[in-house]
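Residue numbers (UniProt numbering), protein chains in the order written: chain A, 1 to 328; chain B, 1 to 328; chain C, 1 to 328; chain D, 1 to 328.
These are computed hints drawn from the structure, not numbers from a lab. It is possible that some hints are incorrect.
Straight-line Cα separation of at most 20 Å, SDA-like style, residue types lysine to any residue; simulated pairs [what the hints assert, rightly or not]:
| no. | chain 1 | residue 1 | chain 2 | residue 2 |
| --- | --- | --- | --- | --- |
| 1 | D | Lys319 | C | Ile326 |
| 2 | D | Lys188 | A | Glu254 |
| 3 | C | Lys319 | D | Ala322 |
| 4 | A | Lys238 | B | Thr68 |
| 5 | B | Lys238 | A | Glu254 |
| 6 | C | Lys319 | D | Asn87 |
| 7 | B | Lys238 | A | Thr68 |
| 8 | B | Lys108 | B | Asp325 |
| 9 | A | Lys188 | D | Lys319 |
| 10 | A | Lys319 | B | Asp325 |
Using C-beta positions, here's what the derived DEER-type ranges look like [what the hints assert, rightly or not]:
| no. | chain 1 | residue 1 | chain 2 | residue 2 | range |
| --- | --- | --- | --- | --- | --- |
| 11 | A | Lys299 | C | Ala61 | 57 to 65 Å |
| 12 | A | Ser99 | C | Gln237 | 34 to 42 Å |
| 13 | D | Asn87 | A | Gln169 | 47 to 55 Å |
| 14 | C | Lys305 | B | Lys238 | 36 to 44 Å |
| 15 | B | Glu101 | C | Arg67 | 27 to 35 Å |
Far from chain C, by Cβ distances over 12 Å, these chain B residues were calculated [said to hold, decoys possible]:
| no. | residue |
| --- | --- |
| 16 | Gln9 |
| 17 | Ile47 |
| 18 | Leu187 |
| 19 | Ala271 |
Glycine residues also receive a C-beta, built at the ideal position from the N, C-alpha and C atoms.
There are 4 protein chains.
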Amino acid sequence: MIIVMKDKQAAQTVVTQAKSFQLNHVYRFENRVGFADIKNSAALSFINQDDVIEIIAEHPAAMQVSRTFHPNDTMIQTAHSQIGGDNFNLIAGPDAIESAEHVLAMGKSAKAAGATILRGGSYKPRTNPYSFQGLGEQGLKWHRIAADTLGMDMMTEVMSPADVDLVGQYTDIFQIGTRNMQNFALLKAVGQQDKPVLLKRGMSATVDEWLSAAEYIASEGNTQIMLMERGIRSFDQKYLRNTMDVSVIPVLRELTHLPILADPSHAAGVAEHVTATGLAAVAAGAQGLMIEIHDQPTKALVDGKQALTPEQMVSLFEKAQAIHDIVR
Amino acid sequence: MIIVMKDKQAAQTVVTQAKSFQLNHVYRFENRVGFADIKNSAALSFINQDDVIEIIAEHPAAMQVSRTFHPNDTMIQTAHSQIGGDNFNLIAGPDAIESAEHVLAMGKSAKAAGATILRGGSYKPRTNPYSFQGLGEQGLKWHRIAADTLGMDMMTEVMSPADVDLVGQYTDIFQIGTRNMQNFALLKAVGQQDKPVLLKRGMSATVDEWLSAAEYIASEGNTQIMLMERGIRSFDQKYLRNTMDVSVIPVLRELTHLPILADPSHAAGVAEHVTATGLAAVAAGAQGLMIEIHDQPTKALVDGKQALTPEQMVSLFEKAQAIHDIVR
Amino acid sequence: MIIVMKDKQAAQTVVTQAKSFQLNHVYRFENRVGFADIKNSAALSFINQDDVIEIIAEHPAAMQVSRTFHPNDTMIQTAHSQIGGDNFNLIAGPDAIESAEHVLAMGKSAKAAGATILRGGSYKPRTNPYSFQGLGEQGLKWHRIAADTLGMDMMTEVMSPADVDLVGQYTDIFQIGTRNMQNFALLKAVGQQDKPVLLKRGMSATVDEWLSAAEYIASEGNTQIMLMERGIRSFDQKYLRNTMDVSVIPVLRELTHLPILADPSHAAGVAEHVTATGLAAVAAGAQGLMIEIHDQPTKALVDGKQALTPEQMVSLFEKAQAIHDIVR
Amino acid sequence: MIIVMKDKQAAQTVVTQAKSFQLNHVYRFENRVGFADIKNSAALSFINQDDVIEIIAEHPAAMQVSRTFHPNDTMIQTAHSQIGGDNFNLIAGPDAIESAEHVLAMGKSAKAAGATILRGGSYKPRTNPYSFQGLGEQGLKWHRIAADTLGMDMMTEVMSPADVDLVGQYTDIFQIGTRNMQNFALLKAVGQQDKPVLLKRGMSATVDEWLSAAEYIASEGNTQIMLMERGIRSFDQKYLRNTMDVSVIPVLRELTHLPILADPSHAAGVAEHVTATGLAAVAAGAQGLMIEIHDQPTKALVDGKQALTPEQMVSLFEKAQAIHDIVR
């Protein structure tokens, strides 16, 4: 149940009262107070009715991330980026952190192309247990140094609640990967951090499942969340690794205030199609792109087949920016 | 088996010889001769080896529509449109033909917005047998008059081999709908016509199935074929009618020389998302868009929910053109 | 709108009146009269209210095939088979008719194993236009002779409205294939015939689409319809050609009175898994199975990979019968 | 690379040598030694060639769970159950543990119906963060007491690596849920335990992804793994929550030695269809079933809609046993 109060102060009073009654899952946005698990207004008889503007009984179960609770776009501010609204953000970097020199070189190219966020994995979710699993903390250190040297934000994946503190000592933005979209313990763990979280869509997650996963993060207090579409599982595995679901982008822009970005590298699976796939997402309304790059794709430790060269990235980012200017 | 000959004339000689041996499914493109169902070169011992440049034994089963057989883009020329290559084509009109006045009014708007092809259905493939099935020949007549009055090409769906002659008396371009993508008798029937065919993708057709369906048309002699992506069936029916499969567009541009267009009206299913979906397809490389319009969407006889108003179409087409200029 | 009258005679009176008012799509089942496209009871003021037991305003759009209109199971009677209800029917035969001797030999095996219906294709819906397309009328003749010789029903696929009369001169049961599930002209054509129709499910057809396709047949007057589940398109093409959708079987048994059969040969795609897949469908409630057989699978003209040998069929049918006895 | 040695002892010698060379991911099954991440036999020059029977260079990446490495069926022995091979196992219990009395009562019914494993969730993976999340350790205690009282094995879900030790103090079998199939940290954590693990299939996991997830557990040393099919995501959400993928069962029986069970409760989503769905899985070759039961389904704390009553369970288990006798 969402109660729209006459002003912020009245709303804050309601929150304070609710907490004194031990009510759980009470959240405020400006002059709105959301009671995430209360369906019956009788429980809210303590509220001063004179200050109530509107009672919204029908709202999505994933309340905090909905526009019903939070009508205007969320803006996420980091040291080097402002994400959301009409802004357009570029994230780039290697799939896996390989060495101090390599991540720095890739970061330099990324920054020159307009990226403000340097991505790279030190903990890699590999389908097979015997594949390279990432460099761990050593990778985090090199990644941090590169980001600091270049004046970029660092973003990296965290795969387990036990790693959240360690990863959080280095990164500026947590990435939650596709396979962990419904790893609820992990979502709660990053929900207790004070840093933005990028939440990738599960392989065949519905809109409701995805928004509910974001709500897990928000329910712990962290509302700095970005969503990232990365291609859904489809039926033609001969030619398509995944299908970039552009159709979900305008749907999400309508339902949620969170920024929506896209990852054409994983959607396409092969470098030749990353540009077309990425530009499609931008034209559909994505507020940013994340691209994997490598100077020598055939020698990449992970997923070289889908890595763009720095030159290809420059061309993609220029076109992406131009398309964003047309559609925003 | 594809035999690349030294020149067109030598290739034509091979074709003539092959026919004298009663060989079937022999096709020529410039200096290439394709034997669609011959896998063993021994059967081709009659060919003068001195004139052979290359023998291509490995080629897609859907040979004629592949770039292996026909490397450069197919260009389709109608009275008012040139489709394919770097061109960008706009098709618009009502879902169903409703009246002489209505199709003319919609055509006027479409033309003003830059469309050169006027679409509209007189034979409607409705899921339910008791729904309005289209006006039949009366609709074809009104459609033809509108197209002639406005100097546009007429495009309309044909649903049965028995209707091909009648529809062919009116239309400039045959449309084969999603549900009929593998209606092989119908594909053969339009394959015997001398007019372009637009072939929509089946609801969950693979790339190979789609190209093979196009090959059915080509196998009867008609190679003026356009492909149209219209959204695939996906798993989230609560928010998405279909998912526009932008990922298939760069794949097709690589595999086939046929023009690829997109239908965001059916992919999105609701007017609010048609623009974003359509622009995404253009950014991915679609060489044209087809849009359903209606001046009073809520009163449309069929699928009004997905119809854009003429004003919305103008805005979409302007942006689409701008994006096409960036990506082509 | 469905009107339940006090008895058959009263219902027939309503039908006669309705026709005198030129009402379309009026159908009767026992004492029920269904008006498929009337939603407002005002149009039915001519009905004598004293004879009305119940008015059912909410019913599926595919009215005739629903249990709302026709509560008890449809039983289909042919010369050699009774299909539906608690019966269990076996259909077997070669994928394609190959020769008079071959179809007779396969029929003999099929009959010995308990099959009463001899299947075989003379018009084959092949993905590729250059693949063997079936023997046409010659195949129909051999197929008819084999069925007559053995005292079995003949079932064969028809692919085009133009072929319905010819095929109908030979066959006892029409088969509509997966790719033609929404070939509405074909559905209407077999709907005008006086012979049972087996309607396979489309590759990714929803329940509503499938039942509406059956309704197309019924809307033309032919209500002797069987449904056949044959595997749906799924996402793991490496190991599974299709996924036998057993979950749809109990759903259909609830929604419709039409018999539901299953085709494990096409679902599995490889002979090794046909038995497990077929038995699963029976356990889920399928009222019959159709199996493709070949005495020399590796030499079959079409789809030999999925053909069981006659011996394997015997074992499958014995187990199927035993499982049906447990679950019916 | 798999090396088949002349006998167990020779194989063990190879393992000992390999460890002395610091080789990782070396596993032995009887007289076979598997080197999971070695592709070049030159690295294995230390092996005494006289004792080598066969070198298998081509094997699935998920080596340990494949029949290439471990040809015969895995048998899992617990205090009260023997799972795998020709055995058929029944698992039943409430979705969530609700009280000491309730789990005991449900366990009594389950045992009477033939179940040897008592399931129940104390940590519940709920789509929405505000839904009931389970009773935690209190639930584990009640669950343990019920299992001990009845002489049954206890099975319960674990959702986070941090909970593995605690849950392991109570449970006999760990359950990994659908959403965590690729939660690699969790898979590794249960891989270090000395208790059987039941691994449910992800919502749209391919066979290779599923087997690789099992391999994660095995790679840490725990090879007591069962797989559970629980329905895949499909495209018809109006009538089907999930589609029980019976087609995958014979495929898995061929590829892996691990026992395959099925969960018709989650596949069907509604009690009415649980029996048909469960029996289908058994007919397809599943070696056991897991069923959710509740004496008052409408009052269940979680997923009551899909719970069978104890009486319905008895009928299902009798039929399941009879079908298993036919197909095993």
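So, going through the hints one by one against the coordinates:
no.	hint	verdict
1	Lys319(D) with Ile326(C)	7 Å, holds
2	Lys188(D) with Glu254(A)	39 Å, violated
3	Lys319(C) with Ala322(D)	11 Å, holds
4	Lys238(A) with Thr68(B)	18 Å, holds
5	Lys238(B) with Glu254(A)	14 Å, holds
6	Lys319(C) with Asn87(D)	19 Å, holds
7	Lys238(B) with Thr68(A)	18 Å, holds
8	Lys108(B) with Asp325(B)	25 Å, violated
9	Lys188(A) with Lys319(D)	43 Å, violated
10	Lys319(A) with Asp325(B)	10 Å, holds
11	Lys299(A) with Ala61(C): 57 to 65 Å	59 Å, holds
12	Ser99(A) with Gln237(C): 34 to 42 Å	38 Å, holds
13	Asn87(D) with Gln169(A): 47 to 55 Å	50 Å, holds
14	Lys305(C) with Lys238(B): 36 to 44 Å	39 Å, holds
15	Glu101(B) with Arg67(C): 27 to 35 Å	45 Å, violated
16	Gln9	26 Å, holds
17	Ile47	20 Å, holds
18	Leu187	8 Å, violated
19	Ala271	23 Å, holds
The earlier numbered hints that this structure contradicts are 2, 8, 9, 15, 18.
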